[in-house]
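One letter stands for each residue in the lines below.
2 protein chains.
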Amino acid sequence: MRATDIIAKKRDGKALSGGEIRWFINQYVAEALPDYQMAALLMAVFLKGMNGGEQAALTDAMLHSGRSYKPEVFGGSAADKHSTGGVGDKVSLILAPLAAAAGLKVPMTSGRGLGHTGGTLDKLESISGFRTRLSDEEFLAQMDELGVAMIGQSPDFVPADMKMYRLRDVTATVESIPLIAASIMSKKIGEGISSLVLDVKTGSGAFMKSLEDARRLAGAMVDIGAAHGVRCRALLTAMDQPLGRAVGHSLEILECIEILRTGEGMADLLDLTVELTAQMLFLEGKYTDLGQGREVCRGLLSDGSAYQRFRRMVRAQGGDLAMVDEPSRLPRAERREVIRAGTSGFVRRLDALAIGKLVQGLGGGRAVITDSIDYGVGVWIERKIGDRVKEGDPLVTVHHNGRGVEGLERRVADAYEIGEAPGPRRAILGQVDPST
Amino acid sequence: MRATDIIAKKRDGKALSGGEIRWFINQYVAEALPDYQMAALLMAVFLKGMNGGEQAALTDAMLHSGRSYKPEVFGGSAADKHSTGGVGDKVSLILAPLAAAAGLKVPMTSGRGLGHTGGTLDKLESISGFRTRLSDEEFLAQMDELGVAMIGQSPDFVPADMKMYRLRDVTATVESIPLIAASIMSKKIGEGISSLVLDVKTGSGAFMKSLEDARRLAGAMVDIGAAHGVRCRALLTAMDQPLGRAVGHSLEILECIEILRTGEGMADLLDLTVELTAQMLFLEGKYTDLGQGREVCRGLLSDGSAYQRFRRMVRAQGGDLAMVDEPSRLPRAERREVIRAGTSGFVRRLDALAIGKLVQGLGGGRAVITDSIDYGVGVWIERKIGDRVKEGDPLVTVHHNGRGVEGLERRVADAYEIGEAPGPRRAILGQVDPST
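Which chain is which? The protein sequence lines are Y and B, in order.
Everything in the first sequence is counted per numbering that gives the first Met the number 0, starting at 0 for the first residue and increasing by one.
Everything in the second sequence is counted per numbering that gives the first Met the number 0, starting at 0 for the first residue and increasing by one.
Same shape as in the complex, but just chain Y (with noise of 0.2 Å):
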């Protein structure tokens, strides 16, 4: 085979066979093939797309690239979630450990936060000690005796992956569906799980600006899933305005404590990770009734097994329970800043890309990946879209370190918008099941 046939033939729109794919990339992972050759391609792949049988190709391709694990390894079956990453987006802090409680086998591995949203990586390490980097013997025996682990990717696990999004990061080709499909399940089916949900958010804080794209992605991952034998479900959820209360590392582990203690907090981001966890369960067939699942996840979070899982997953990971007992010892930014509103009435809209700039502006987020990360500032959401305010009220508390502070206020206000008659509380927009 020759790299510039492959290459035209993207170029002018045909469909590349399998073998043509897999030749390509197991080329460039083990350096036979140049950095400009893939980028040709890829920017190929960006204009011209792929259909579903080239994308489950390059998914397991790019699974092939490396190490990876089967569900054997974790007994037969195992589950994750997957979010495409929004602002105060900490599902997986709760799902993971509830989903561990309720029976599952939960291989989770997280990315790192980038822009505007965070990371569940750099969230859990704002827990001092917490390591995100297990030996294999550790991660598997840490699954045998919790059923979870959350976890950041080794460098022989997909190394197509990390190869490609680099090369994607410098040449303009990121956004695209059929390349971030291929990028998210390669990295997922490779955890070795059975069953996989996946939470496509769309809105001003997502990746995916509008409700169509959003669900273009979630089809194409689900159909990459069902081709590779991992059930899926996607859903579409709004990413208006932040999840919970918290964005920033430490205040979002708090919100998270605060919720797995008590199994009450913020509807949307309780509700949310209830429903996620639930289609887990239902995938998995531990329940075949959706509403039962849910009613089994609200009490394993009331009564504190879902908190004592979280509890041991610290401990096992080397994290400073007495942070997670206390949470008033996690990191915290020296200064507070209420910003109240200016006006009364409804809040109409809260710009998620708003606050999640704002909070990568104080320090609690990366413009590129080798920037460090200030884990004690961030903004709690003192009122969401749909709140009655009184001119007077505190919108946010902004908690920071004197770093990005210019022109708060105005920047507060501007996210908000507050009118006469509350906003639309948007929350799941639809359900995306594999197309055959």
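FYI, nobody ran anything at the bench for these hints, they're computed from the structure.
Check the hints yourself; a few may be wrong.
Intra- or inter-copy, both count: the list cannot distinguish identical chains.
Said to hold, decoys possible - Okay, derived cross-link-like pairs now, DSS-like style, lysine-lysine, Cα gap no bigger than 30 Å in a straight line:
{"#": "1", "residue 1": "Lys356", "residue 2": "Lys13"}
{"#": "2", "residue 1": "Lys356", "residue 2": "Lys8"}
{"#": "3", "residue 1": "Lys389", "residue 2": "Lys8"}
{"#": "4", "residue 1": "Lys8", "residue 2": "Lys47"}
{"#": "5", "residue 1": "Lys383", "residue 2": "Lys47"}
These numbers come from a predicted model, not from an experiment.
Got chain Y sorted already, so can you dock chain B onto it with the hints?
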């Protein structure tokens, strides 16, 4: 500026500014941008195109990436012809000395052959000792004395083109009209010419297979020329069958010497050469009437003026004049094989591409640019489109050294179509002038 923003802009189908194009090319030539970012941009240009302003800016940026000439060094004006390449296209070898004999300055830079088409430099080098690389001083002195030089590009001449062409070759981005047009025009304008006649070929042996594509390429090139103050005109010409009788390096030199000596030869080659030269004279304002220009050209061929200019150029560039005066001394293949017609009728079709590939297979062409060339091999066309043939008549004489002769008879028979009525003799199919 950021490379990814520029790539994304073109990817999304927007027009790049002159500043963006200049920055990208300059950074690339300075090795401040990696090949993979240029590869992504090239694929985006391939698929999204470039408008006239972008093409002129790209040409300009490439042109200024290294050393180039202005017409002033040739006393204020100079003219050239460029052909997009075909099989048996030896026009330059006759045209350059002819135009110089007619009083024009012709600072012609040419390229090497690749694939099924031959290169002017390679053909000249079949004359022992002929130097296609001259020092700047030698080149300017020869231009001053003879008004003509036929040379290759020095590495510091339009270096952006060399670097981009190599990358296009391995990223499936060669066949893009804006990229082809900018590549050709940057090199031609950089010669320091005031007028340029373009011979854009179409048909089986040409790069542009359809007349429509040829017209688009021609339009792109003449507009780029006009934007740079170069008087330009393109002729669209047929490349269905090889031009003239010879295909192969020495054989083509031989055919040219015959025409230069006698003013007589195969009509398609002779007429096209005269036409293109007359167009150069017209653009340079030597004659306001094309017919007069043609007459002058025929006269300079008949009276030996063009031939004498050719001899002086060969001598000036170190070539062995004995080979010119006695062409039997030119490199020749050891064996000749006459392939005869298996049926009677008229030649309806003679596939230029098939003949070009046949000669390449004999050793008379390159698959990759580092291949060496067997100057003596080639094909002498005995019957051309429109000719009457009787069974047993010679179709072609193959000059070979035993290499690449498998299935010779069948391949020649396949290249010819002999039927009851003669096929159309197509020559000049159209003319394209700048749109503004």
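Status of each hint after checking the structure:
1. Lys356 with Lys13: between (40 Å within a copy, 27 Å between copies)
2. Lys356 with Lys8: between (40 Å within a copy, 23 Å between copies)
3. Lys389 with Lys8: Classified as neither: same-chain Cα gap 61 Å, cross-chain 44 Å, threshold 30 Å.
4. Lys8 with Lys47: Cα proximity of Lys8 and Lys47: in one copy and across copies (10 Å, 16 Å).
5. Lys383 with Lys47: neither (41 Å within a copy, 43 Å between copies)
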